[in-house]
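Engineer: Here are the chains, one letter per residue:
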Amino acid sequence: MNQTERHPASAPDFMPVNELRATQLSRLQRMVGRAYDHVPLFRKRMDDRGLKPADVRSLDDARRLPFTVKADLRDTYPYGLFASPMKDIVRLHASSGTTGKPIVVAYTQDDIRVWTETIMRSLAACGLHAGDIIQNAYGYGLFTGGLGAHYGAEALGATVIPISGGNTERQLMVMKDFGVTAICCTPSYFLHLIDQSQQMGIDMKKLPLRAGVFGAEPWTEGMRQRIEAESSLKAYDIYGLSEIIGPGVAIECIHQAGLHIFEDHFLAEIIDPETLELMPDGAEGELVLTTLSKQAMPMIRYRTRDITAFATDPCPCGRTIRRMRRIGRRSDDMLIIRGINVFPSQIEAALLRVEGTLPHYQIVLTREADLDQMEVQVEVTPDVFSDEVRGLEELKKKLVHSIETVTGIRAALRLVAPHTIQRSEGKAKRVIDKRKM
Amino acid sequence: MKIHQLSVFLENKPGQLREACEVLTKARINLVTLSLADTAQFGILRLIIQDWQKAKTVLEKAGCVVKVTEVLAIEVADRPGGLAQILEIVDRAGLNIEYMYAFAEKRGDRALLVFRFTDPDAALQVLQAGGINPIRTVELFSRP
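So the sequence lines, in the order shown, correspond to chains A and B.
For the first sequence, the working numbering assigns the number 822 to the initial residue and increments by one for each residue that follows.
For the second sequence, the working numbering assigns the number 188 to the initial residue and increments by one for each residue that follows.
Because the hints were derived from the structure by calculation, they are not lab data.
None of the values given here were measured: they were computed from a predicted structure.
The beta carbon of each residue, even a glycine, is placed where N, CA and C say it ideally should be.
Incorrect hints may have been included.
Some chain A residues close to chain B (C-beta under 8 Å, calculated; not the full set) [said to hold, decoys possible]: (1) T1202; (2) D1208; (3) V1210; (4) R1235; (5) A1238; (6) P1239; (7) I1242.
With a straight-line Cα cutoff of 25 Å, these simulated DSS-like cross-link-like pairs (lysine-lysine) come out [said to hold, decoys possible]: (8) A:K1217 x B:K254; (9) B:K243 x A:K997; (10) A:K1218 x B:K248; (11) A:K1218 x B:K254; (12) B:K248 x A:K1027; (13) B:K243 x A:K1250; (14) A:K1250 x B:K254; (15) B:K200 x A:K1255; (16) A:K1026 x B:K254; (17) A:K1026 x B:K200; (18) A:K997 x B:K213; (19) B:K248 x A:K1219; (20) A:K1219 x B:K254; (21) A:K922 x A:K1255; (22) B:K200 x A:K1217; (23) A:K1026 x B:K243.
Sample of chain A residues lacking proximity to chain B, with all beta carbon distances greater than 12 Å (derived) [said to hold, decoys possible]: (24) P874; (25) A915; (26) M1021; (27) I1161; (28) K1217.
Generate coordinates for the entire structure from the input sequences, incorporating the hints supplied.
Structural biologist: Below you can see the structure in the form of structure tokens.
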């Protein structure tokens, strides 16, 4: 199939805008009614504002609805936000729970159908179709990545290899021997595969791989360039979060010019995280999402903490659903170091500017004598390893300089052995904050 | 004439050197000599090994970053001025030595030194012209 040809699954992406807005409104009204009837927390917040579901008469009225935040999911752990009885709930997923209790999310059979549809539309948007062989290296289990991608890829008619995460040598063997044409995993894990392929004598540039569907962690444009330079695939950014549905909320199309949001299922707003007011189109702010089709766990105006902006120009692909800029940072992963705001993505970009550096890094924050100290640990790779002390000192100096140029902070830099930086669920843990406030 | 040397990146923390050595022991690989360059934070372990290709493979499999470098092994008379004679030739030709270290064992009355020159090929020519013949790989590993 020609890549520019529309896949039948993508039809809703091209819906006329007025039809799309009408669909959104009728779904929003039904959703708010459902949440009001079945979720005590939501009903209380509506009542406190003197709002009834019938007050939602237009899409603009969405801004009058109360926000939902991550703490609400923790406070009502495990089942407090469910709007369906357990007999209708066919699946539970949970976040990895690195901070305290995990967050539990639920799906009815129809929710699974919607999720399958949005993943199918995501994969179709990156030019995949029946006949593709998809290696699904997202973790299967409580994490939404594995099963989410799996169902959608099968529905598309692709051949799915449910390899899950880990076991790098087997991943590479399968990728090569099975003629894999697309892979789903975190971008940092794919970089790890590239590293290891060299040792196994596999040339990633000569494989039939043509699409990588990468998500579950923020990544930079520099990382995309590196991935695409060192393998045969085009790297696509997929966005999603368990609280909303899992992966498949938004995806880049083959033009790689921002992520198309599946607006018929998810209402997107961008707000100022301080004032909570809506931002004008094109302005940067926090993404707020409302599920329009979910039954088991409707989410109203969920504050994602992800910072982005809507694209204002039309995408060459012709999709009518709106696009947002790639998410490089989250409002809550901003670090304040000696009073200066720093985002981990800035450190990543700084490291990538230095030739040959792979972005396996970690930021360790400590406080000595009341002064914040930032240490950036970078894994040494064969590309940058010099046999001479002077060469490695030179590399360190360049990295420190680059970080200082980008962030204004002079960091301590430590070169560490490969694979020493902890990776969980295939997601790279970028920041360790040991400062005691 | 040039000899292959393996360099391994080590973090400067307990156990790192042992781990690398254990990998080689398990693969029954014998070290002819080694040297360690270290700073407060990291070290570079330099190894001369007969089967360097195999050693490189097992070290990389174990997750080490390994680099192959060409060095020259030169016999030096073990008496005052032995090394000076070689350095004089090197200096006169304006060759740059990145680093050097000595083999653990002496060969009779001669010491064996490993030199890493910025330009190993140029160094080889200059030394040979000066009557100094670096040890060949075959000799290095066949000698008692």
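Engineer: All hints, please: hold or fail.
Structural biologist: For each hint, the structure was consulted:
1. T1202: For T1202 of chain A, the interface hint holds, since the closest Cβ of chain B sits about 7 Å away, which is under 8 Å.
2. D1208: This interface hint holds because 4 Å falls under the 8 Å limit.
3. V1210: OK, holds: V1210 of chain A within 8 Å of chain B, min 5 Å.
4. R1235: 6 Å, holds
5. A1238: Since chain B brings a Cβ to about 5 Å from A1238 of chain A, closer than 8 Å, the hint holds.
6. P1239: Given a least distance of 6 Å, the restraint on P1239 of chain A holds.
7. I1242: 12 Å, violated
8. A:K1217 x B:K254: Given that 25 Å is the threshold and the Cα spacing comes to 18 Å, the pair holds.
9. B:K243 x A:K997: 24 Å, holds
10. A:K1218 x B:K248: Distance ~29 Å between K1218 of chain A and K248 of chain B Cα, so the pair is violated.
11. A:K1218 x B:K254: 21 Å, holds
12. B:K248 x A:K1027: OK: K248 of chain B and K1027 of chain A at ~22 Å, within 25 Å.
13. B:K243 x A:K1250: 30 Å, violated
14. A:K1250 x B:K254: At roughly 28 Å apart (the allowed maximum being 25 Å), K254 of chain B and K1250 of chain A break the hint.
15. B:K200 x A:K1255: It holds: about 20 Å lies between the C-alpha atoms, which stays within 25 Å.
16. A:K1026 x B:K254: Given that 25 Å is the threshold and the Cα spacing comes to 23 Å, the pair holds.
17. A:K1026 x B:K200: Since the Cα atoms of K1026 of chain A and K200 of chain B sit roughly 37 Å apart, the hinted pair is violated (cutoff 25 Å).
18. A:K997 x B:K213: 30 Å, violated
19. B:K248 x A:K1219: 29 Å, violated
20. A:K1219 x B:K254: 21 Å, holds
21. A:K922 x A:K1255: With Cα atoms ~21 Å apart, K922 of chain A and K1255 of chain A stay inside 25 Å; holds.
22. B:K200 x A:K1217: 18 Å, holds
23. A:K1026 x B:K243: Between K1026 of chain A and K243 of chain B the Cα gap is close to 24 Å, so the pair holds against 25 Å.
24. P874: 57 Å, holds
25. A915: 31 Å, holds
26. M1021: 9 Å, violated
27. I1161: 25 Å, holds
28. K1217: 8 Å, violated
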